[in-house]
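Asks: From first to last, the protein sequence lines stand for chains A and B.
With the first letter of the first sequence counted as 1, position 70 gets the number 70 in the working numbering; the numbers rise by one all the way through.
With the first letter of the second sequence counted as 1, position 39 gets the number 39 in the working numbering; the numbers rise by one all the way through.
It should be emphasised that the hints constitute simulated quantities derived from the structure, not laboratory data.
Among these hints, one or two may not hold up.
What the hints assert, rightly or not - Example chain B residues on the side facing chain A (calculated, C-beta under 10 Å, incomplete):
{"hint": "1", "residue": "Val-4"}
{"hint": "2", "residue": "Pro-8"}
{"hint": "3", "residue": "Gly-40"}
{"hint": "4", "residue": "Pro-43"}
{"hint": "5", "residue": "Arg-55"}
{"hint": "6", "residue": "Cys-91"}
{"hint": "7", "residue": "Thr-96"}
Claimed, not checked - Restricting the straight-line Cα-Cα distance to at most 25 Å, the calculated cross-link-like pairs of lysine-lysine (DSS-like) are:
{"hint": "8", "chain 1": "A", "residue 1": "Lys-42", "chain 2": "B", "residue 2": "Lys-26"}
{"hint": "9", "chain 1": "A", "residue 1": "Lys-2", "chain 2": "A", "residue 2": "Lys-67"}
{"hint": "10", "chain 1": "A", "residue 1": "Lys-67", "chain 2": "A", "residue 2": "Lys-56"}
{"hint": "11", "chain 1": "A", "residue 1": "Lys-56", "chain 2": "B", "residue 2": "Lys-13"}
Backbone N, C-alpha and C fix where the C-beta goes; we use that ideal spot for every residue, glycine too.
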Amino acid sequence: QKEVEQNSGPLSVPEGAIASLNCTYSDRGSQSFFWYRQYSGKSPELIMSIYSNGDKEDGRFTAQLNKASQYVSLLIRDSQPSDSATYLCASASGGSYIPTFGRGTSLIVHP
Amino acid sequence: DAGVTQSPTHLIKTRGQQVTLRCSPKSGHDTVSWYQQALGQGPQFIFQYYEEEERQRGNFPDRFSGHQFPNYSSELNVNALLLGDSALYLCASSVTGFGNEQYFGPGTRLTVT
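Chain A on its own, in the form it takes in the complex (with noise of 0.2 Å):
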């Protein structure tokens, strides 16, 4: 059974500071992570798609990836209260094109 894990929080951090989303996976043939934003009563938003270890910044968002340890993270520096949502974590597995998902983690970033 594939599995993502996420801590369902909510994570409540301050406005300005680096908010920190982290999520283990137990299938080691995964290849491919995603990181997907959800506010509530949305549908997902993929923000941040990481297929090799180590880090992968895109504006305020940075991924990393240790397959070694299987887990996946992802900072979003200087935090705003429109980052709070929930956050999906995802994974695929080389041989499928279905990416199992977590239960995500709500942030709450207050003023």
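Starting from the structure of chain A, add chain B where the hints point.
Replies: Chain B only, in chain A's frame:
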């Protein structure tokens, strides 16, 4: 560039009825996946269509069926609705062979009474 579209936005049905949900993929995408998302849960994979055929299926009963048309759009059909089928139904499109990135539509909120 049009994103993924879904219809209808909201739907209320009675137990035992049947429902059809529709999805048009993002321009240039050839693969459509359907997910069910209950409150507080991550999306659960129902099935994926590619080249008008069901390529993979998740752990959902046969009451859930689908179709993909030559223009890549897709339908999800659910028969004999149960109260537990109430959820947000998400369609995601992707391009097979390009990193499995999936882009979601706005979803259809189904309520079964």
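Asks: Okay, which hints does this one fail, numbers in order?
Replies: 2, 11
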